[in-house]
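Colleague: Could you build the full structure based on these sequences and the hints that come with them?
So the protein sequences, as listed, match chains A and B.
FYI, in numbering that gives the first Met the number 0 the residues of the first sequence are 0 to 474.
FYI, in numbering that gives the first Met the number 0 the residues of the second sequence are 0 to 215.
Simulated from the structure, these hints should not be mistaken for lab results.
Treat the hints loosely; a few may be bogus.
Pairs of lysine-lysine, DSBU-like flavour, derived with a Cα cap of 35 Å [said to hold, decoys possible]:
| no. | chain 1 | residue 1 | chain 2 | residue 2 |
| --- | --- | --- | --- | --- |
| 1 | B | Lys123 | A | Lys323 |
| 2 | A | Lys401 | B | Lys195 |
| 3 | A | Lys459 | B | Lys169 |
| 4 | B | Lys169 | A | Lys367 |
| 5 | B | Lys141 | A | Lys367 |
| 6 | A | Lys315 | B | Lys195 |
| 7 | B | Lys2 | B | Lys123 |
| 8 | B | Lys123 | A | Lys298 |
| 9 | B | Lys114 | A | Lys323 |
| 10 | B | Lys169 | B | Lys141 |
| 11 | B | Lys195 | B | Lys169 |
| 12 | A | Lys398 | A | Lys425 |
| 13 | A | Lys367 | B | Lys114 |
| 14 | A | Lys298 | B | Lys132 |
In silico negatives: residues of chain B with every beta carbon more than 10 Å from chain A [what the hints assert, rightly or not]:
| no. | residue |
| --- | --- |
| 15 | Leu68 |
| 16 | Asp136 |
| 17 | Ser145 |
| 18 | Asp152 |
Heads up, the beta-carbon is just placed ideally off N, CA and C, and yes, glycines get one too.
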Amino acid sequence: MPLDPPKNAAAHLPRTARDDDRESERHAKQLRRLLVISFGWLLALLIGAGLDALLSLRHLDRSAQEVGRRFTARNRALGTIVVSVRVYDDQIERFLLQDQLQASGPDPSDVANKIAAVRFALLSFPVDGDSDEQVLLASMRQQLQEEENSCAVVLAWHADLRRQRAYQFIGQELIPWRTRIYELSSQISSLNEQKHAVENLAVATRFQMLESRLIWLVSLALIAGVLMSLICGWYILRLERQARQRYQALALSRLELEGLSARLVEAQEEERRSISRELHDEVGQSLGALLVEVGQLSKLVPPDDRVTQAQITHIKSVAETAVKSIRDIALLLRPPMLDDLGLIPALEWQAREISRRSEMEVEVHSEKVSEDLGDETKVTVYRLVQEALNNAATHAAAKNAKVTVVQGSDRITIEITDDGHGFDPKRQRGMGILGMEERVRRLGGTFTIESAPGKGATVKAELPLHQADPPLNHP
Amino acid sequence: MRKIRILLADDHKLMRSGLRLLVEQQPDLTVVGEANDGREAVSLAKTLKPDVVVMDIGMPNLNGIEAALQMTQTNPQISVVMLSMHSDESYVLRALKAGAKGYLLKDSAESDLIKAVHAVAESKSFFSPAVSKVLLDDYVRKLKRSGAEDAYDLLTPREREILQLVAEGKSNKDVANLLNLSVYTVETHRSNIMEKLNLRGIPELILFAVRRGIIS
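Modeller: What follows is the structure, given as C-alpha cells:
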C-alpha cells in the first residue's frame, strides 16, 4: 500500500518535535530564572552603590562645609577680639596721655565701653569641647578680668595722677597685657588651624573611603555585567541556532508533506483509475454480456410461458440496474471520456451531467485547447472543474456556472465562475479546495479562489505545459 | 440473397460472443470476423471488407472512434455502428464526426442491434431511442434555462423536409431529385438550415436531427 510509509513518517515527525519542545522549554525556563535573578542582583548592586555614593557625598559635603564654617567663624571671632583689644588699647592710651599731648581724651565711659566690647567679643567666641582651647580661652578671660580691674582704677584717676603714672601704666601693664592677649589669640589661631587641618584630613579620609568603596562596587557591577552579557550572548546564539534548526526541520517536513500529498493525489488517481477499469471492464462488460444472453434466453422460452418470461424480465431489469450503477460509479471514478474524447468534450459531458443532476446550468468555453495534452494535465483540469462545479452546485446553490479553458503557448488557464452565494476563502478552506490546490501545485501551477459571501466564486488555475507530459494511458 | 457481412470489434470476449449469438440468428446476417482492439479492427476491416462494423468505443490500443475514423477514411463503403455505454452528445458527435452511421447503447444492443445493422447497411442512420431522448432532454433543459427559442421552430416546412433527407444521408442531388428542385436550390436551403440552427457540418446536423427525433 502506498499510504503506509508516509502515514508513519507523518506520525513520527510531530512526536520528536513535541519532545524537543518540552525539553527546550524546561531549559529556557531555568535559564530565564537564572537571568532574572542575576539581573536583579546586578541592578540591586548598581542602585545600592549609587545610593550609597550619593548619600555619602552629601554627608561629606555637609561635613566639609561645617568644618570650613567653624574655622571661619573662629577666625572671625578671634579677629574681632584682636581688633577690639586694639581699639580699647588705643582709647585707654589716649585717655591716659590726654594731658601730655594737650588733646581732649575720650570719655571714661567710652573707654569702659571698649573694654566691654573686648569682653563681648571674647564671649562671642564659638566654643567647642576642645580642652587646649578652653585653657587658652580661660587664661584670656583671666587676663581680661585683670585688665578690667586695672582699667576701672585707671579711669578713676584725675589729671595729675594720669600725668604722673600714665607712662608707667602703659609700659608696665598695658603693653605686656596686650602682648599676652595677642600671644594667646595667636595660639588659639594656630590651634584653630591645626584643628581645621585635622578635620579636613578626616573629610579627605572619608572621601577616599567612599572612593575605594565606589571603585569596588563599580568593578563588581562591571564584572557581573560582563558575565551576564556573556551568558545572554551565549543564550541568544543558542536560541538562534535552535530557531534555525527548527526552521530547517519545518522546511524539510513541509517538503516531505508536499511530496507526500503529491504521491497521495497520484495514488488516488491511480487507484480510481484501476477500480474504474475493473468495474467497467470486468463487472460492466460481464453484466452487458449477461443482458445479451438473457435476451437470447427470453427468445428461447415460448411466449406463453408467462412465469418464466416474467422471471427473465425481472432478471433483465436487475441486471440493467446493476449495469447502470456500475457505469455511474466508474464514470465518477475515472471518466473514460478523458481518454476517449479528449479534455473539452469530457468537460462538456461533465457540464451536462451536472445540469442533469442539479439546478445549475453550466457553460463550457474553450480556446485553442489541444487534443494531445498530457494525461496529468488533463486529469488535473478535469478534477479541478469537477470539484469546482460540484461545490458550486451543492454548497453554493448556484444557478449558472461558466468554465473557461484557454491554452497559451506554454500554459493552460482554467477559470470556473459561478453565481452562487459565495464564501470567504480566507476562512473556509475545505478538503476539496485543498485537493484542488494540491493538484495544481503538483504540476507547478498557480491556484487562486476569489469569492465573498453573496458574490459567487471564481476558481482560477494556471498550469504550465510540459513537453514531457506522460503519454495518454488507456484504461 | 447476399448476406450482410459483419465485423465485430469489442475487447471483451463475452460481449463479442453475445453479439455473435444475436447476429447469427438472423438468416441474412453473418459474422466474418472478430477484433479484440481498435488496431486489429482496422486491419481486419481492410482485409475482410465487411459491410458493417459493430464496434465498441472503449477499446485498448486504439479506441473505437479513432478506428472508425481510419476505416471510413480508407473505405467509405463501410458502415460503422458504434457501441457505447454513453448517451451523452459529446460521444454521439464524436462518433458521427468519425463517420459512424449508427450509435447503439450497449444495454439496448440486444433489442436494437439487428435493426441498427439493417439500417446502416442501407446507408441509413440508426440511433438508440434512449440516445435521442437524452439529447432532447439536454437541449430542452438548456433552452428552458437560457430562455432561448427552439431554433427548429424557425425552419420552414420545406427546410424541415430537406433537413430530414440530409440527415438520413441523402446527397444534394438525391434531395433535388426527390423534391423536384434544382441542386442549387437545395444547396441554398441547406446553408439556410445550417445558419438558422447554428450548426457546423453534417455531424452536427445529424445530431440535431436525432435530438429532435427526426431520424432514429
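Colleague: Looking back at the numbered hints, which does the structure fail to meet, lowest number first?
Modeller: When the structure is compared with the hints, numbers 3, 6, 13, 16 and 17 turn out to be violated.
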